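Model the placement of chain B with the ligands on the given structure of chain A, informed by the hints.
Line by line, the protein sequences are chains A and B.
If you read the first sequence in our numbering, its first letter stands for residue 1, the second for the next number, and so on.
If you read the second sequence in our numbering, its first letter stands for residue 1001, the second for the next number, and so on.
Hints listed in this document are in silico derivations from the structure and should not be mistaken for laboratory results.
Any given hint could turn out to be false.
[Claimed, not checked] Straight-line alpha carbon distances no greater than 25 Å define the calculated PhoX-like cross-link-like pairs of lysine-lysine that follow: (1) A/Lys61 with A/Lys26; (2) A/Lys22 with B/Lys1045; (3) B/Lys1104 with A/Lys11.
This one's a predicted model, so the numbers in the text were calculated from it and none came from an experiment.
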Amino acid sequence: MSPILPGERPKLSSRARLQKDKVTGKPILLYPEGILILNPTAHAIVTHCTGAETFEDIVAKLAAQYGASPEDLRADVTTCLDRFRSLNLLEMLA
Amino acid sequence: MSRPIPRPYSLLAEVTYRCPLHCPYCSNPTQFSRTAAELTRDEWKRVLDEAAELGALHVGFSGGEPLQRPDLAELVAASCAAGLYSNLITSAIGLSRPRAEELKAAGLDSVQISFQSDEEPLADRIAGTKSHASKLEAARLVREIGFPLTINIVLHRGNIARVARIVALAETLGAERLELANTQFYGWAFQNRSALLPTRDQIEDATAVALAAKNRLLGKMEILFVAPDYYGTRPKPCMNGWGNRHLTVNPVGDVLPCPTAGGIKSLRFENIREKPLRWIWTESESFNRFRGTEWMPEPCQSCEFREIDFGGCRCQAALLTGDAATTDPACSLSPFREQLTRFVESIQGATEKGFEADTSSVAYRENPA
Ligand SMILES: C[S@@+](CC[C@H](N)C(=O)[O-])C[C@H]1O[C@@H](n2cnc3c(N)ncnc32)[C@H](O)[C@@H]1O
Ligand code: SF4
Ligand code: SF4
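Isolated chain A, as found in the complex (with noise of 0.2 Å):
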């Protein structure tokens, strides 16, 4: 896989669907022959992969919300991002 480039706008796969699980009350990712028990930090950043915002709004936002340092927040992104990236759950659009 490419690395990620900051300008570059994450979108949940359309296989891909994002729910709360009944049994747990977690957010979890579904898709065809899978599932993700999301943590808080990956569900956050689920959020964000709309298509509309880059690599580089998605750190900021989540640096704000979180009062964590962009630069301390990006390697933790981009390994949640690479990790949905390998199970072809994120299509990244230029």
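Just chain B with the ligands now, kept in the frame of chain A:
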């Protein structure tokens, strides 16, 4: 100490055993119930609701050929209302444009189409009927309508040399996921296993091709390569454990821990016409028989892998040893492994000619009477 009963994550709804194709690798039972009637639409709706209530998140509509049921879209709509992520597992025979649009409107989430090969004459010979061309058309339609598409292909001696071309077909069709699934030997496949099992060389070649494709397509197409356990040393973690994550309801309403468990004759499976699904999942003898690790014999009982592979597959143990409560013979520690290895060795050197010219040595799948 007994542990809490887990929740099911997925339901396989086998809505009919009827099918227009005759794949000799079909994992469906070779003998179908000749007396009981298929579940009605309302009975299926109840199953879907009760499964979601138990915690299931995924439903696969399968069979036989699920499109043989005219009320399929209504069942899809019911699964959607219950919050289940739905997948249609289909040969695509019968997937016309109106039908596909009806399913889309009902809320179907994704479609999985099985192919027999990447090219027509061989594919049709494997399916036992002309079907490849209409599958291609249906796959294009599925993408056009906007469903995520999975291509599934069951690999065996007659098509495994074609993995690279199969990957290319999946790419051309815009599939987002490709399952390269070596034949699992149950049902019709078990009966035909001498003709179907690939040679060791074939497996090695196919594994390398699949791995290269997987790396090349990472992020574009998810590729799953299922190796044949007959060549392994450890068994597959069948269904992630008996009664642990999955349940299957067959066309007449029997509730099974896996699609092929009906072949285990020492167990009596409950029927949804007689008992609520929750009771069957949590309380029934059939679901509890092989739950956890307490039922295990040696060598599993004292083995460090017992929580990882759960002693393998109960159906395979029953088929190969006559007793469902033994270690899966795919395990190198099974006392029955030698027998299985002898079978595997007996087909080395066989050619793929089976489906090329002469199909007299295979039994084609038949339909329920
Ligand atoms: C039994 S079929 C029923 C649905 C539909 N008729 C079809 O073929 O897609 C369900 C899935 O199992 C696959 N399958 C059938 N027999 C198999 C076997 N022996 N081992 C592994 N997969 C198998 C099929 O390719 C299909 O994807
Ligand atoms: S015969 Fe083929 S198409 Fe029909 S149910 Fe079996 S695998 Fe599916
Ligand atoms: S002995 Fe049993 S638990 Fe151990 S690897 Fe073999 S099948 Fe798995």
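Q | In rising order, the numbers of the hints this structure does not comply with | A | Checked against the structure, no hint fails, so every one of them is satisfied.
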